[in-house]
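Put chain Z on the given structure of chain G with help from the hints.
Residue numbers (our numbering), protein chains in the order written: chain G, 95 to 451; chain Z, 95 to 451.
Derived from the structure by calculation, the hints contain no laboratory data. It is possible that some hints are incorrect.
In silico DSSO-like pairs for lysine-lysine, Cα to Cα no more than 30 Å straight-line [as the list claims (entries may be wrong)]: (1) 409(Z) - 269(Z); (2) 376(G) - 376(Z); (3) 216(G) - 226(G); (4) 226(Z) - 226(G); (5) 188(G) - 216(G); (6) 409(Z) - 376(Z).
Number of protein chains: 2
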Amino acid sequence: MADPRFLIIADGNFHPLESKTANSVIRYHPSRVVGVLDRQKAGQTAQDVLGFGGAIPIVGSIEAGLALRPNAIMIGIAPAGGRLPDEWNGWLAKGLEAGCDLISGLHTFLSDDPSLAALAVKHGRTITDARKPPNDLPIAAGLARLVDPFVVLTVGTDCNSGKMTSQLQLTAALKAKGLRTNFVATGQTGIFIEGWGTAVDAVVADFIAGAAEELVLRGARDADIVLVEGQGSINHPGYSGVTLGLLHGACPDALLLCHQATREFIGEYRVEPWLRIPPLSKYVQLYELIGSAVHPTRVIGIALNTYDLDETQAKAACLAAAAETGLPCTDPVRFAPDPLVNAVVRARDGYLERRRG
Amino acid sequence: MADPRFLIIADGNFHPLESKTANSVIRYHPSRVVGVLDRQKAGQTAQDVLGFGGAIPIVGSIEAGLALRPNAIMIGIAPAGGRLPDEWNGWLAKGLEAGCDLISGLHTFLSDDPSLAALAVKHGRTITDARKPPNDLPIAAGLARLVDPFVVLTVGTDCNSGKMTSQLQLTAALKAKGLRTNFVATGQTGIFIEGWGTAVDAVVADFIAGAAEELVLRGARDADIVLVEGQGSINHPGYSGVTLGLLHGACPDALLLCHQATREFIGEYRVEPWLRIPPLSKYVQLYELIGSAVHPTRVIGIALNTYDLDETQAKAACLAAAAETGLPCTDPVRFAPDPLVNAVVRARDGYLERRRG
Numbered sequence: 095m096a097d098p099r100f101l102i103i104a105d106g107n108f109h110p111l112e113s114k115t116a117n118s119v120i121r122y123h124p125s126r127v128v129g130v131l132d133r134q135k136a137g138q139t140a141q142d143v144l145g146f147g148g149a150i151p152i153v154g155s156i157e158a159g160l161a162l163r164p165n166a167i168m169i170g171i172a173p174a175g176g177r178l179p180d181e182w183n184g185w186l187a188k189g190l191e192a193g194c195d196l197i198s199g200l201h202t203f204l205s206d207d208p209s210l211a212a213l214a215v216k217h218g219r220t221i222t223d224a225r226k227p228p229n230d231l232p233i234a235a236g237l238a239r240l241v242d243p244f245v246v247l248t249v250g251t252d253c254n255s256g257k258m259t260s261q262l263q264l265t266a267a268l269k270a271k272g273l274r275t276n277f278v279a280t281g282q283t284g285i286f287i288e289g290w291g292t293a294v295d296a297v298v299a300d301f302i303a304g305a306a307e308e309l310v311l312r313g314a315r316d317a318d319i320v321l322v323e324g325q326g327s328i329n330h331p332g333y334s335g336v337t338l339g340l341l342h343g344a345c346p347d348a349l350l351l352c353h354q355a356t357r358e359f360i361g362e363y364r365v366e367p368w369l370r371i372p373p374l375s376k377y378v379q380l381y382e383l384i385g386s387a388v389h390p391t392r393v394i395g396i397a398l399n400t401y402d403l404d405e406t407q408a409k410a411a412c413l414a415a416a417a418e419t420g421l422p423c424t425d426p427v428r429f430a431p432d433p434l435v436n437a438v439v440r441a442r443d444g445y446l447e448r449r450r451g
Numbered sequence: 095m096a097d098p099r100f101l102i103i104a105d106g107n108f109h110p111l112e113s114k115t116a117n118s119v120i121r122y123h124p125s126r127v128v129g130v131l132d133r134q135k136a137g138q139t140a141q142d143v144l145g146f147g148g149a150i151p152i153v154g155s156i157e158a159g160l161a162l163r164p165n166a167i168m169i170g171i172a173p174a175g176g177r178l179p180d181e182w183n184g185w186l187a188k189g190l191e192a193g194c195d196l197i198s199g200l201h202t203f204l205s206d207d208p209s210l211a212a213l214a215v216k217h218g219r220t221i222t223d224a225r226k227p228p229n230d231l232p233i234a235a236g237l238a239r240l241v242d243p244f245v246v247l248t249v250g251t252d253c254n255s256g257k258m259t260s261q262l263q264l265t266a267a268l269k270a271k272g273l274r275t276n277f278v279a280t281g282q283t284g285i286f287i288e289g290w291g292t293a294v295d296a297v298v299a300d301f302i303a304g305a306a307e308e309l310v311l312r313g314a315r316d317a318d319i320v321l322v323e324g325q326g327s328i329n330h331p332g333y334s335g336v337t338l339g340l341l342h343g344a345c346p347d348a349l350l351l352c353h354q355a356t357r358e359f360i361g362e363y364r365v366e367p368w369l370r371i372p373p374l375s376k377y378v379q380l381y382e383l384i385g386s387a388v389h390p391t392r393v394i395g396i397a398l399n400t401y402d403l404d405e406t407q408a409k410a411a412c413l414a415a416a417a418e419t420g421l422p423c424t425d426p427v428r429f430a431p432d433p434l435v436n437a438v439v440r441a442r443d444g445y446l447e448r449r450r451g
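Chain G on its own, in the form it takes in the complex (with noise of 0.2 Å):
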């Protein structure tokens, strides 16, 4: 799409923990969206809910969002289990029918709904499933071990705890540096972001690493470090086994921990309440014993979501963990992600002495 021009549907869910993916491409291309449809927070500014984004409008219908001319639809929210509301279907068919093609990252595809197949084609416009997986992927062999490049994924105490985001903070830190260094995108938010990966939530179970081995081969093409995209959390009762394929499949030689400040249940924003999060300390261990029973890997800094903290209590929140850990850790976003930045250029650099030695 030369122009995108994004009209984003997060109907309900607008809100800086929940509508990721709507947050996520809002942050990193706000030129694209023309608003947000969320019935909740209609008259209210992207800025007024997500502390960013500034002027883009939030619109009750989508008649409202159709007037802001926008030529795609993206669905901006990700609920358990990636399906559609039900209701959404006709908004969607009423965007076709105005000349939007539609981008959804949802488990059940846009693409197998015969009558929105049917529309797209009447009207000439494309349909986007991020979360279609490729055909053929491999089983991980651990060829993702022998790449050149420093290879670092980020990890979580939970879903939705800044794993891509932080990921693509450092990304563009670390360009800066003068580092090659490529994001790989592992859910259809970071695809999305990026124009290219694949969602590893989304694939036969059976090739999860697989998935991970392909794009780690890919992303290590001309860099010298490549930041893989986490997902879920290796203590997730639903999600573990997508972090634990990734994880064996990528083969990071580093890690990056990932929470958020104030959580203190697993999953504590989509279902009851149940798994306390353990402390940060246990997650090393956990993820360094488990990760390295495959490639030796260990975790060298923790990145804290801090949102809905004040100033004070986030640099608290950051010390404190690093404290607990003896770990650099900074909010990437909120602050100069400088501590990270710093942790993955020194493991690289004793990576590249490991090397040659």
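Just chain Z now, kept in the frame of chain G:
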């Protein structure tokens, strides 16, 4: 199928370790198997190759196989990635033309092949793809931890180490003791044997744990003990995601660790040796730590596959594994499964006491 008469295709791979599906159906339902097609071993019997299965003949062509008057052709091997060797298509077509149904556990669904599908319709035959996942699987929410029966999962040091067979042996032994015991099949072979189940390695990655949860909830009906078939290994570079999703979705109260005694490398029968299998005590640590991150669990016994050792060596291997881990150990196929049966019963007694207390 009222009176199943299977011709099993295991061409080039009929072998105690390779043709897992063929071997297991022959072990548990020998009366259903009229023959095995393997051009390399034609003229021998199942007994010659496997050490069990009696006079079931091995034939060298599809014509010789059809002369045994099967009413179904079963795919008896599980190649890495689950894809069908090209030349088998012609054999399957001849099977359909001769009035046979088709039964497969491959990732590539036979029913998706237009020419086979058309032939099946023409001849009024069925094609069963055991790996085709159910629709509308849930995201796991830890519900399996709430079931009443005592749930035991087999975990392994690698693929193909005895995780299904051990549970089938224990199911029979526990039933014989009067305990209501349900076997939960999580792979195609287990499904062929038990008649229900879901191949958790074939579901979309986000739903591995959800599929496991659903299976345990079903297996828990009218049961004192639920024995869940494990998959893969926690440090298998290709399949660990499936292993962990199953572990976290099933919420087992206890684990049995399965190992093939003489194996030194992960996946040595499938890919180039690379990852040396660590000591059993390392696996005990890994599985308990990562499993208990979602639901408290511990390893209560070791099931050793000693098929390629003589009797003295096999007994020595069991003693060595027990000494290393401090856990009861036996080969539950070769020897009496009592040490593991007793371990399950004792662990369940403790579980019932804790629930009362």
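Distance restraint between residue 409(Z) and residue 376(Z), which requires alpha-carbon spacing of 30 Å or less: Answer holds: residue 409(Z) to residue 376(Z) is near 22 Å, not above 30 Å.
Hinted pair residue 409(Z) and residue 269(Z), Cα distance within 30 Å: 26 Å, holds
Hint consistency between residue 188(G) and residue 216(G) [alpha-carbon to alpha-carbon, up to 30 Å]: Distance ~13 Å between residue 188(G) and residue 216(G) Cα, so the pair holds.
Restraint status (C-alpha distance of residue 376(G) to residue 376(Z) at most 30 Å): 18 Å, holds
Agreement of residue 226(Z) and residue 226(G) with the hint, judged by alpha carbon distance not exceeding 30 Å: Cα-Cα ~17 Å, so holds.
Distance restraint between residue 216(G) and residue 226(G), which requires alpha-carbon spacing of 30 Å or less: At roughly 22 Å apart (the allowed maximum being 30 Å), residue 226(G) and residue 216(G) satisfy the hint.
Checked against the numbered hints given earlier, the structure satisfies every one of them.
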